[in-house]
Amino acid sequence: MVLFMLNVSKSPWLLHYDGSSCNGCDIEVLACLTPIYDVERFGVINTGNPKHADIFLITGGINKQNEPVVRQIYEQMPNPKVVVAVGICACNGGIFKECYNILGGVDTVLPVDIYVPGCAARPEAIIDGVVKAVALLDEKRRVRKDEARQ
Amino acid sequence: MWSIISVALYLILGPVVGGLLAGFDRKISARLQGRQGPPLLQPFYDLFKLFSKQSVVVNNVQDFLVCGFLVFIVFTGGLFFSGGDLLLVFFALTLAGIFYKSTGSFAVSDIIHSSVSNIAYLPGIFIGFLFILAIKFRKSPFDLSTSHHAHQEMVKGLTTELSGNILALVELSHWYENAFLLGVIGLFIINSNWWSFLIAVPVCIIAYFMEILVDNTFPRVKWEVMLKSTWLVTLVAGVINLMILSFIK
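From first to last, the protein sequence lines are chains S and P.
Residue 1 is where the first sequence starts when you use the numbering used here, and the numbers rise one by one after that.
Residue 1 is where the second sequence starts when you use the numbering used here, and the numbers rise one by one after that.
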């Protein structure tokens with residue numbers, strides 16, 4: 001019972017960051033919190049604070065201005081943590097890929113664990129991505145524990 | 001002997017009651033908003049998760065202060081449930097706050113053995129206390145961005161810089177504190193009759209439900225409004241109550 005409760009997956013707190021998104025995906029991310037989708041039923045809390053977050057959810061591609069910001073937020077998050085790229089722009093740059101200021105998808109800066117494509121990504125797809133991220137959190141925690149034991 | 005049992009029960013059941021209250025709180029809040037809401041045990045999942053996370057310490061002093069907060073909250077509750085001196089209880093609570101308020105006696109054990117419930121003499125003080133509870137439970141309109149609900153907070157009050165097990169200790173302290181505060185509501189009702197306990201429990205539950213209802217009904221206010229309105233309500237209700245009490249007793 002206690003071991004079951006210790007799973008990080010029972011309480012995924014996420015941090016939502018808008019890279020250079022058109023706000024389409026951001027609206028869908030926030031739609032997940034509304035009564036229709038209600039991600040809080042999985043224990044998800046939208047923290048807005050990297051130090052409390054387990055899941056780093058990024059929408060939109062990475063540009064030269066937000067690159068250090070994304071890096072800093074990632075570094076401030078305590079382990080174990082996962083990165084979820086939401087929307088095609090966050091996955092590989094999308095329609096902004098060829099722009100002079102765009103570096104590309106989130107994986108040009110951070111190790112992305114889960115890709116959620118779509119333009120805009122639907123709330124169902126985002127929740128699916130978060131659930132996959134949550135399973136990965138448990139695995140990362142197990143690895144961390146094994147490393148600590150050695 | 002009885003006081004040792006009460007303190008032991010508080011130490012063990014305090015976090016359980018506090019955690020379940022938080023669970024009911026989130027569930028009822030979600031239902032008031034037309035959502036399904038998290039499982040009842042969600043606050044426990046959150047706590048265990050925080051204990052298993054890496055703790056990023058900004059300043060070592062914060063660990064000491066948070067541990068001091070937990071120790072003084074538990075000490076406050078322990079004193080209260082052992083039937084100790086109310087003045088000492090609230091002094092200890094104030095001290096905890098630094099680390100991170102008829103019957104002719106200040107002893108809790110004497111107060112609960114009086115023949116008439118204290119609320120008969122102290123309705124104004126009771127109203128003032130309920131008002132302050134919204135602040136202590138961190139609820140709208142006085143949650144000052146420390147709300148426990150799913151909506152995003154830009155800066156989460158004092159705990160912004162805390163993470164991992166230190167954040168978990170703050171959460172645990174709040175559960176102990178909430179269990180103690182419900183005990184204080186009960187103190188207004190409980191008298192020497194055994195059935196007063198049967199009234200005190202529903203009163204505590206109704207008081208907590210009212211706090212949830214207010215939390216979901218009112219928007220957040222700024223701290224200046226909170227300070228002014230709290231002084232106004234507690235001074236008017238409390239002082240009038242004390243003046244009438246000094247005439248009739």
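Among the hints, a few may not be true.
Unchecked claim - Distance condition first, Cα-Cα at most 25 Å in a straight line; then the derived SDA-like pairs of lysine to any residue:
1) S:K64 - S:Y100
2) P:K27 - S:I127
3) P:K228 - P:I248
4) S:K132 - P:Q36
5) P:K27 - S:T34
6) S:K132 - P:K222
7) P:K222 - P:I212
8) S:K132 - P:I212
Claimed, not checked - Residues from chain P shown here face chain S by an in silico Cβ test under 10 Å; the list is partial:
9) Q33
10) Q36
11) P38
12) P39
13) F44
14) L47
15) V56
16) N59
17) S82
18) D85
19) Y121
20) L158
21) E161
22) L167
No wet-lab data here; the hints were simulated from the structure.
Built from N, CA and C at the ideal position, the CB exists for glycine as well.
Status of the hints after comparison with the structure:
1. S:K64 - S:Y100: Distance ~10 Å between K64 of chain S and Y100 of chain S Cα, so the pair holds.
2. P:K27 - S:I127: 20 Å, holds
3. P:K228 - P:I248: 30 Å, violated
4. S:K132 - P:Q36: 21 Å, holds
5. P:K27 - S:T34: Measuring from Cα to Cα gives roughly 15 Å; hence the hint holds.
6. S:K132 - P:K222: Not OK: K132 of chain S and K222 of chain P at ~39 Å, beyond 25 Å, violated.
7. P:K222 - P:I212: 19 Å, holds
8. S:K132 - P:I212: Between K132 of chain S and I212 of chain P the Cα gap is close to 33 Å, so the pair fails against 25 Å, i.e. violated.
9. Q33: Holds, about 6 Å.
10. Q36: 5 Å, holds
11. P38: Holds: closest Cβ of chain S sits about 5 Å from P38 of chain P, inside 10 Å.
12. P39: The hint holds - P39 of chain P has a Cβ within 10 Å of chain S, the shortest such distance being about 7 Å.
13. F44: Where the cut-off is 10 Å and the nearest Cβ of chain S is about 6 Å from F44 of chain P, the hint holds.
14. L47: 9 Å, holds
15. V56: With a minimum Cβ separation of about 5 Å from chain S (threshold 10 Å), the hint on V56 of chain P holds.
16. N59: 13 Å, violated
17. S82: Since chain S brings no Cβ nearer than about 30 Å to S82 of chain P, farther than 10 Å, the hint is violated.
18. D85: D85 of chain P check fails; min Cβ-Cβ to chain S is 38 Å, beyond 10 Å.
19. Y121: 43 Å, violated
20. L158: 12 Å, violated
21. E161: 7 Å, holds
22. L167: 7 Å, holds
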